[in-house]
Structures are given as structure tokens and as C-alpha cells.
Amino acid sequence: MAVETSTWATKKGLAQMLKGGVIMDVVTPEQARIAEEAGAVAVMALERVPADIRADGGVARMSDPVMIVGIMAAVSIPVMAKARIGHFVEAQVLEALGVDYVDESEVLTPADEENHIDKHAFKVPFVCGARDLGEALRRISEGAAMMRTKGEAGTGNIVEAVRHIRSVNAGIRRLQSMREDELYAAAKELRAPYDVVAAVARDGKLPVVNFVAGGIATPSDAALAMQLGAEGVFVGSGIFKSDDPARMANAIVQATTHFDDAAIIAEVSKGLGAPMRGIGLEAIPEGERLAVRGW
Amino acid sequence: MRIGVLAVQGAFVEHARMLRAIGVEPVDVRLPADLVGLAGLILPGGESTAMRRLVDRWGLRAPILDLARGGAPILGTCAGMILLAADIADGDPPVFGLLDVTVRRNAFGRQLDSFEADIAVPILGDSPVHGIFIRAPIVERVGPGVAVVACLDDGRVVAVRERNILATAFHPELAGEMRFHRLLATMAAEHADPGEGAGRRPHPTRRSVASA
Chain A
12 MAVETSTWAT
22 KKGLAQMLKG
32 GVIMDVVTPE
42 QARIAEEAGA
52 VAVMALERVP
62 ADIRADGGVA
72 RMSDPVMIVG
82 IMAAVSIPVM
92 AKARIGHFVE
102 AQVLEALGVD
112 YVDESEVLTP
122 ADEENHIDKH
132 AFKVPFVCGA
142 RDLGEALRRI
152 SEGAAMMRTK
162 GEAGTGNIVE
172 AVRHIRSVNA
182 GIRRLQSMRE
192 DELYAAAKEL
202 RAPYDVVAAV
212 ARDGKLPVVN
222 FVAGGIATPS
232 DAALAMQLGA
242 EGVFVGSGIF
252 KSDDPARMAN
262 AIVQATTHFD
272 DAAIIAEVSK
282 GLGAPMRGIG
292 LEAIPEGERL
302 AVRGW
Chain B
-8 MRIGVLAVQG
2 AFVEHARMLR
12 AIGVEPVDVR
22 LPADLVGLAG
32 LILPGGESTA
42 MRRLVDRWGL
52 RAPILDLARG
62 GAPILGTCAG
72 MILLAADIAD
82 GDPPVFGLLD
92 VTVRRNAFGR
102 QLDSFEADIA
112 VPILGDSPVH
122 GIFIRAPIVE
132 RVGPGVAVVA
142 CLDDGRVVAV
152 RERNILATAF
162 HPELAGEMRF
172 HRLLATMAAE
182 HADPGEGAGR
192 RPHPTRRSVA
202 SA
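Chains A and B, in that order, give the protein sequences. Under our numbering, residues 12 to 306 are what the first sequence spells out, in order. Under our numbering, residues -8 to 203 are what the second sequence spells out, in order.
Next comes chain B alone, as it looks inside the complex (with noise of 0.2 Å):
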């Protein structure tokens, strides 16, 4: 099973590393050719004004949404949060638009109020996530369809999921934190090969024909 990750800039190579040491092959994504027959995409920290414009001017944005639009699952770190939310607060129009989400870039301040802090994460279990904060943004509005998968101790929401789309304020990548990989991974084996008796039930990071 191979999983891409965004190459254009930014923090790929820290998340192609976490991909190998649980055993996924990342491919590096530069280029619409390399996104054929990827089960799940990563799309890194770096700088979304960068990010925003070379998925634009290399035309990832088309052949990314309809990976996205066929079950295949999207994990979207920092500024690949920003890129998959369907609203940016006071910015630039969306990226992705696949998560019904309203965020605001740079929300905590600039660098001097980057910060470190352990936060519950519930679905990946009891022992915390140690949270690296890097000029991050926040989750100022979540849609209908949008589960809160991480809030901070005030209430702040930064990390969300939305069927196949996940995305997190922080950088598990940059803390040794595997967990998020590894779920990004077990939804991709399930798009990918979902196995006997799946088209029987409801498929979690599989879109109904109906809603698509």
C-alpha cells in the first residue's frame, strides 16, 4: 500500500519517515502522475500562501479532489489543514474545501507564541498527544458532519474529522507521534481492500453513491 504525501514544500519528508517506520511506502507528490493508484494522501506543515499556489500552478488541485471524492483518506497537518478547510477566517478563498470547517491561520500568534502542550486525543486511546504548536492555526466553526477529535483545555478546537478527512492544528510528524499515521493507514487499507462482505455495510471512509 503506498501513500502520498505533498511535496510541493514544507515538512514531507518528516511525514514520509513516519510512513516508513509503520511500514507504508510514501510516495512524493509534486506532480498530478504521482497521485495514481496512492491509497491516502498526507498533506504536510509548511506555508499554505506557498502551498496553495504551487497545487494550483501544477494542477493537484482537480486529481487531489477526486482522490479525495473516492474514499481514499486525506490527513491534513498545520497548513494542510488550512488547505483542506472550506473556509478560511479573513484569508484567501479554500484550498480543498473538504472539511466543513471555518479556520483561522496563524490563531495563536506568530512564532514567539508557538508552543508545546499535551493534549487528549479520546479516539487514539488514554495517554495523551504531545502537541507541537508551530504558528498554528484553529478550528473557529465546526460543520454538522464534523467530529471534534481534539479540543485544548479552554475549548479550542485543533484537530477534527470529517468521513475520510482528517486534519490536526498540531505536528504529530514532528513529536514521534505514530498514532494518526497509523489510523490514516488503517482507513487507507480499508479503501483500499476492503474485503469480503464490505459492500454489506456502511464503510466509514466510503462515500454512499447517494451522498456523492
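With the rest of the complex left out, here is chain A (with noise of 0.2 Å):
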């Protein structure tokens, strides 16, 4: 019996596992244990969340082994964690230490203004951000067998999420509306290989799962997301600078699966609590907007 491991359809088949899901950035095992048992699919084990790195200003690099093997101590679920853009040395660490997924991550300094990592060269599967179709594609074309939308990491704000995820699935209707022969041009366009350019265009779908992560903050943001088309959320700030992050894991949890069930939404939504404060898009200078990182 020959066994083969790390091949696309396992790597691009857990994300598949884990949609209708959500993915929570934890910075504790104690935090992991809270999402699990909150009904989360998978954690993100990072050092700060998005907000706090925000706040804080500087470097923002790959976390420190001891924390992230901790949390992949701490709980059954997959672990993910992220790796600077470019970064791949970070990423080398990451597959060391077993992590389930790496995510190369604008949410960290970029170490690379020009490469994204070469993913097809890991065992380990990447997940990776885009903003765009185009972005997806380029992405997905080096490896990434996950993609999310970015938003704006660290806001509780969903603006930027949903013009992420509006305009991939716009970018997908516009290829499916083309003639064969009009889809080289738009490769071009999109800077993206024909080869995945033409599957888009077939099959309606991007060929990886798609999440949608940036801002989201509340039951109502993560059903939008995926009414607007997400195959499942990450949640990274919003749940533990919530004032009750169990029970807002809960609810986000509940109204991801019931994401068109408008009455279960509401149900779920009642008492919880103040969610986390937010910032409006306009005080975030452009220069420090961790979305634009990204090639």
C-alpha cells in the first residue's frame, strides 16, 4: 500500500473540514481551551491579537515556539499560526513545531516586499490573505491551499471585510460572464497564471475554501460574511476583547452554522455584552493599514 502525505487534496482537504466553522486567535492555552470549548474549529495561536499589535506599534513577528506548542498541548483541534509575508524561515520553524496550518499573515511586519513565500516547497499547508480576486489567484498559484479575505485586522470594523469579499466574488462572476478566449486578457489583468484564471472561470468558485477574517465583531458580522459568500469565519480581536469572550465565542459559533436564519441570529445575539470598541476606518492612517501588505 503506498501512502503519500502532504498532498494537495490533504492540505487543501482540511480547510475543507473546518468550513461553516470558525477560527479564533488565542494568545493562551487557557484562551484555546475557551474557544474549543466554545465550538471553534481551529485556533490561531499568536502572541498579540491583531488589536494589540496595532496598538503597540513595531516588528510584529512569528510567536514565540514555547507559546504555540503550548496551545497544540492544550487542545484536539488544529492549531494554526502565523509566519511573516515572505517570511520563509518562520514558516521552516512553524512546520518544525507540527502546527496544522501556517497563515502568512499581513497582520505581521512584512519580510518581503516583493515574494510571498514558495508554499508548494512545505509539507505544511498555508492559508493566505487577499484582498481581491486577482491576489487570491497569485496566491493560491504559489501554494496556498486556503484562502481568506483580509479586512482590516485589529478594527472590529467589517467594512474593509466585506469589500474584500464582495469584490473576489465579483471578480469570480465577471470571469464566469467571459468568452474562452477572453480569459488570457484577463489573466493579464489579474496577474494571476491562465491555468487557475480558466478554473475560476469554469468551475465559479475559487479552487481552495475561502474564509473572510478582518473586523469581525459580533453573531450579525459573521453571518454577513457568510451570506455574502464565506465558507466559514476567522475571528481574531472580536472575541477576547469582547466584555464575556466565552459566551460572544458561543454566539459567533451559532450564528456562522444558522448564518441565514435570521430569528436564530437574534436569539443568539441577546445579552452578551459590550463587544469589543472599534475604530472607524478614516482614523486608521493609510500607512498603517495591515491590508495594502500583500503582493
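It is worth saying that the hints were derived from the structure and are not from the lab. Predicted, not measured: the structure shown is a model, and the values here were computed from it. Check each hint, because a few of them may be wrong.
Covered stretches of chain A, going by a simulated chain B footprint (3 or more residues, C-beta under 8 Å) [said to hold, decoys possible]: (1) 27 to 36; (2) 51 to 62; (3) 85 to 97; (4) 129 to 143.
Where is the CB? At the ideal position from N, CA and C, for every residue including glycine.
Assembling the complex is the task here: the two chains are given apart, and the hints tell you how they should meet.
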């Protein structure tokens, strides 16, 4: 019996198993257990949630391996961790630690302003962020086995997440409306390989699972992302920066499952306490926006 | 004939697509009302810890048990197998407990140990099944009424059947493998419409009054 590990099907397949679920940012094993208990399908292990990274400034890097390993030991669900854009050695370290997914993330300070990580070269699967279809297809051609639209992390403001998921899906619909001979020019315009572009035009969806991230702070935010076509959601600062993280986490899980049932979303939204405070986008100078990182 | 797919979380869309491909109408199951009139049910892959909480939160446990005890066939893949097991090694209490086996979660390790392999499944014919195992469970103990449907070369059990309950540690829905879905559909059709003379022979997917 020939056994093959770390194949494209297993990389992409884990993301398929996470669909319809909520992936939560956690900074301690204790938070990871709260997330698992609330019904998270995976946790993102990091040192500081994006809201704190934003507040602290400075260079944001991969987390301390001790913290990541501690979280891996604390829960039975998959554990993801972030590497800087283009920092393939951080990704090698995360692979050596045995994390289940690496997030090549704009939330950390980029290490390379031209190249992303060659993700085909790794056994561990990668998730990457995108603001539009071209960016998503470039990441997939580099080997990303899962996508997430970026939003603006650490703001508790859903507006950018909405912009990005709409943009990706509008891009897909546009490809679907094209004649086959127009897809070559479309690939050039999207700055993405023709084969991936043609596959998207044919299937009407990305070839990998696509979640929404960045700014989700309430059950309604999660359901909005799902109704706009997300296959699941990442919630970063929105849970552990809220008044009652366990209840908020649970409510967001329920709203993600029942995203098209307003009566249930109303029910689970009752008495959650204050969500994270949030920041208006106009309050963030252009140079401090995270979503624009990535090329 | 309609077959449900538990749609609280996980790869339910893939199973629905497989059902459609063999001409069966799939129904997403998120609430007890969705179970009415179903001839069978699929419990998909996903995260079993999340799925168990959603099953309990929305009162799905009792009606799914009723469906199974009435003889409707149920197919569980990966996390679905964990939900069906009567015993989970070193883990949480059982969810449905319909399958007299002990399963171990993440038995092969973490994601880096996920793998693909061709495995023999004699009840489905001679050509092997392409198994995709993702942080997969394994069956560690098989109860007396449970038939082993597939093993790895080293003898570890990865698919089982007990009466109307069928479970695999791998993902036929990710490999375009339709035979498990066809088997489920056949069992569901026999359950929903046994046909003339059905009362005179023992039925493979129906419990007798005495054992119910």
C-alpha cells in the first residue's frame, strides 16, 4: 500500500473540514480551551491579537515556539500560526513545530516586499489573505491551500471585510461571464496564471476554501460574511477583546452555522455584553493599514 | 428519495454534491425539523468537538437517534465516525453511540501525518478505494455485531458497518468515490420502500421488533 503524505488533497482537504466554522485567535492555552469549548473549529496561536499589535506598533514577528507548543498541547482541534509575508524561515520553524496550518499573514510585519513564500515547497499547508481575485489567485498559484479575505485586522470594523469578499466574488462572476478567448487577457489583468483563471471561470469558485477575516466582532458580522459567500470565518480580536469572550465566541459559532436564519441570530445575540470597541477606518492613517500588505 | 446531510459544520457541501451526482436529493440538516421525511443521513467530516456542541445546542441528538433506530441508514465519515461511536478513547463521552466500536481521534497524528492511500474494500468490489485521511480517527475496538469493511495493510480498521450504520475514517466525498453513497442510497431505498414481500424476509437495514 503506497502511502503519500502532505498531498494537495490533504492540504486543501483540512480547510474543507473547517468549513462552516469559526477559527479564533488565541494568545494563551487557557484562551485556546475557551475557544474549543465554545465550538471553534481551529485556533490561531499568536502572541498578541491584531488589536494589540496595532496599538503596540513596532515589528510584529512569528510567536514564541513555547507559546505555540503550549497551545497545541492544550486543545485537540487544529492549531494554526502566523509567519511574516515572505519569511520562509519562520514558516520552516512552524512546520518543524508541527502546526496544522501556517498563515502567511499581513498582520505581521512583512519580511519581503516583492516575494511571498513558495508554499509548494512545504509539507505544511498555508492560508493566505487577499483583497481581490487577482491577489487570491496569485497566492493559490504559489501553493496556498486555503484563502481568507483580509478585511482590516484588529479594528472590529467589518467594512473592509465586506469590501474584500464582495470584490473576490464579483471578480469570479466577471470571469464566468467571459468568452473563453477573453480569459487570456483577464489573466494578464489579474496578474495570475491562465490555468487558475480558467479553472475559476469554469467552476465559479476559487479552487480552495475561502474564509472571511478582519473586523468580525459580533454574531451578525459573522452571518453577514457567510451570506456574502464566505465558507467560514476567522475572528481575531473580536472575541477576547469583548466583555464576555466565552459567550461571544459561542454566539459567533451559532450565528456562523445558522447564518441565514435571522431568528436564531437574534436569539444568540441577546445579552452578550459589549463587543470590542472598534476603530473607524478614517482614524487609521494609510500607512498603518494592514490589508495593503501583500503583492 | 431524500437523504439528509448534517450541515452544522464541516464538509457537508461535498457530500450533497455526491448525492446529487447519483440522483438523490440532498437535504441540509441544521435543525430537528429538517429531519422529517428523510430516508437516510450522512454525518460529514469536520471538527467533531464543534459538531457535538452544535448537535446538542440545537436538539438534534434525540431525533437523529430516532431516525437511526427506525432503521434509516446513516453514513459517517471521519468526524462523522467519531459522532457515531459508542466509545471515544481518552476523550469525550459518546454523541450518538450507534456503533459498537472504540475510536481514537487524530490517531495518525497532526496534519503533517495526513495521507492518501488505496485500500481494499471487498464489499464494494475489486477495485480499491482511494482513501484520503485527514487528521483521521481509527477504530481500536470492534464490537461483536460490527463488520469490518476496510483495514490498512497493518490491520488497523478504517471502515465498519453495524446493521444500518456505516462509517469510514477517510473521505470518499473528497476522492470522487461514489460507491459508499450508492450503498447508502440502496440501503435508504430499501428502508423507505421495502417493496412487496419485504415482510417475509429478514431485512438488512431494519431492526426486528424483538431487538428494537
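Which of the listed hints are broken here? As far as the earlier hints go, not one is violated by this structure.
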